[in-house]
Amino acid sequence: KQEVTQIPAALSVPEGENLVLNCSFTDSAIYNLQWFRQDPGKGLTSLLLIQSSQREQTSGRLNASLDKSSGRSTLYIAASQPGDSATYLCAVRRTGANSKLTFGKGITLSVRP
Amino acid sequence: GAGVSQTPSNKVTEKGKYVELRCDPISGHTALYWYRQSLGQGPEFLIYFQGTGAADDSGLPNDRFFAVRPEGSVSTLKIQRTERGDSAVYLCASSLRMGPIYFGEGSWLTVV
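Protein sequences, first through last, are from chains A and B. Here this note's numbering is used: the first residue of the first sequence is 0, the next is one more, and so on. Here this note's numbering is used: the first residue of the second sequence is 29, the next is one more, and so on.
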């Protein structure tokens, strides 16, 4: 059974810092990994999708990496801003016919002005 | 529509009542998913449709929960004899078969 872990559960940083959010998973037989952002009381917004054959994906100030063999992904946020404050969740999709995502519990990020 | 649409956005119901939650996926998306999220937790898988059929319903917690997608587009999640423990946000998502998954804003269910 796939398990996804995100540690720490919460993180507070001053504005302008570069930061890394970690995600680990137990079963390396994944099809892809997706990072999401969730604002309080809202649904999930897709940030980046990395296919299992890829090492990283970039979008603006965000960069996500994937090391399938070690069961790890990181989300790098450059020059953090208060507007980046939210919960960040990673989710993995297994190979095969079963297409569901398995989520971590998320990391709640607070960027202080 | 432009995104995944869920109705109602909020629902308060009494214990024991029947509830229906509706999801309208992104046009053309064949895959549709229902998840449930409790406070401080990540989304928990409930059921996945590919077209009209439920490809995986292993996440439905018990037989009070049922979901349909009769025409391969709109889906309805049905909860019978609601219990206080069913209170959560119910998230719907859709995708092309193995592409990125896009979520709606959720239906916030409170059972009193």
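It is possible that part of the hints are untrue.
Covered, in the sense of this in silico footprint (three residues per stretch, anywhere, with C-beta under 8 Å from a C-beta of chain A), are these stretches of chain B [stated by the list, open to error]:
#, region
1, 70-81
2, 124-135
Calculated pairs, SDA-like style, for lysine to any residue (alpha carbon to alpha carbon, straight line, at most 25 Å) [stated by the list, open to error]:
#, chain 1, residue 1, chain 2, residue 2
3, A, K41, B, D91
4, A, K67, B, W136
5, A, K41, A, K67
6, B, K43, B, P128
Example chain A residues on the side facing chain B (calculated, C-beta under 10 Å, incomplete) [claimed, not checked]:
#, residue
7, L18
8, V19
9, S27
10, Y30
11, K41
12, S45
13, K67
14, S68
15, R71
16, A90
To be clear, the hints were calculated from the coordinates, so they are not data collected in a lab. On a predicted model such as this, the values are computed, not experimentally measured, just so you know. All residues carry an ideal CB built from backbone N, CA and C; glycine is no exception.
Status of each hint after checking the structure:
1. 70-81: holds (count 6)
2. 124-135: Since 10 is at least three, the answer is holds.
3. A:K41 x B:D91: violated (28 Å)
4. A:K67 x B:W136: violated (35 Å)
5. A:K41 x A:K67: violated (30 Å)
6. B:K43 x B:P128: Between K43 (chain B) and P128 (chain B) the Cα gap is close to 36 Å, so the pair fails against 25 Å, i.e. violated.
7. L18: Cβ of L18 (chain A) sits 20 Å from chain B, so the hint is violated.
8. V19: violated (19 Å)
9. S27: violated (18 Å)
10. Y30: Cβ of Y30 (chain A) sits 6 Å from chain B, so the hint holds.
11. K41: Result: holds, 6 Å to nearest chain B Cβ.
12. S45: This hint holds: S45 (chain A) lies near chain B, its Cβ roughly 5 Å from the closest one there, short of 10 Å.
13. K67: Nearest chain B Cβ about 16 Å off; hint violated.
14. S68: violated (21 Å)
15. R71: R71 (chain A) check fails; min Cβ-Cβ to chain B is 17 Å, beyond 10 Å.
16. A90: Hint holds; A90 (chain A) Cβ to chain B Cβ min 8 Å, cut 10 Å.
Hint violations for this structure: numbers 3, 4, 5, 6, 7, 8, 9, 13, 14 and 15, all remaining hints satisfied.
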